[in-house]
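In terms of my numbering, the sequence shown opens at residue 1 and continues consecutively.
Honestly, the hints are just simulated from the structure, not real lab data.
Hints are all accurate, no fakes.
No more than 27 Å apart at the CA atoms, straight line, and that leaves these computed lysine-lysine pairs for DSSO-like:
id : residue 1 : residue 2
1  : LYS204    : LYS277
2  : LYS204    : LYS187
3  : LYS187    : LYS277
Pair by pair, the computed Cβ-Cβ distance ranges are:
id : residue 1 : residue 2 : range
4  : PRO153    : LEU133    : 15 to 23 Å
5  : GLY231    : VAL123    : 20 to 28 Å
6  : ARG63     : PHE24     : 25 to 33 Å
Note that the Cβ used here is the ideal one computed from N, Cα and C, for glycine as well.
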Amino acid sequence: SSYINDFNRFGRTYQVIAQADGQFRDSVEDIANLRTRNDRGQMVPIGSMVTLGQTYGPDPVIRYNGYPAADLIGEADPRVLSSTQAMQTLSGMAPKVLPNGMNIEWTDLSYQQSTQGNSALIVFPMAVLLAFLVLAALYESWTLPLAVILIVPMTLLSALFGVWLTGGDNNVFVQVGLVVLMGLACKNAILIVEFARELEMHGKGIVEAALEACRLRLRPIVMTSIAFIAGTVPLVFGHGAGAEVRSVTGITVFAGMLGVTLFGLFLTPVFYVALRKWVTRREPAAPATVAHDHV
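Model the full structure from these sequences, guided by the hints.
Okay, structure coming up:
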């Protein structure tokens, strides 16, 4: 059968399909009786020009960029190879195995991964630098933002450990979760650093201000962290279409938030005290003033 065109009748659109009667299309040999036009413009049977035969082949004929192609669909075991390593292995094997005139090309997520390259190595430092510059402008200091930023590496390690523990790999969804965790880690650390800075400006010592800030901000930090962790549980244990994507992102944020809560409460005051004492030692001592009595 062959689609010809459409026509409208009674307010509806109908397709015009040309098709031979059933008795003339029961077998493969009936194809030889179909007629086509030769170079003289005469209608002749197809069987007079070609020989029909049966063979094996794919049901759909796939083409990629206009060339005949075959799909190769697979997934690497994260415990053995990452997706990047699997792609590099296939790219190295293709010239050795494929015959001349054949090549391998990437599509969909694999194509995006191959074209983006190591963009994550640029995105993460830029995100950290942006957060550092904003905090430096807020505090008017180059050292206080370090007390906030230094918690980010510990958070990323916690997230990657959770991904590794569940047998995942470092894919684009994990990287999106890591960028989210950068902001969450800085948020909790800012609460402690901001209060410690205000207490120190009111006359308290460095260590006393850091401990008091932790005590005052413990409940808000824990409550917001628990709420966010509980919100990621449906992502971790989700099912259905797209569950793999949601699960990977949920595991990344879940493990990272545990690290934010634990490491942030204990290490942020340590970073603050160490940096403040280092700055205090480098500051020049205030000149002594001598009072003079005038008669």
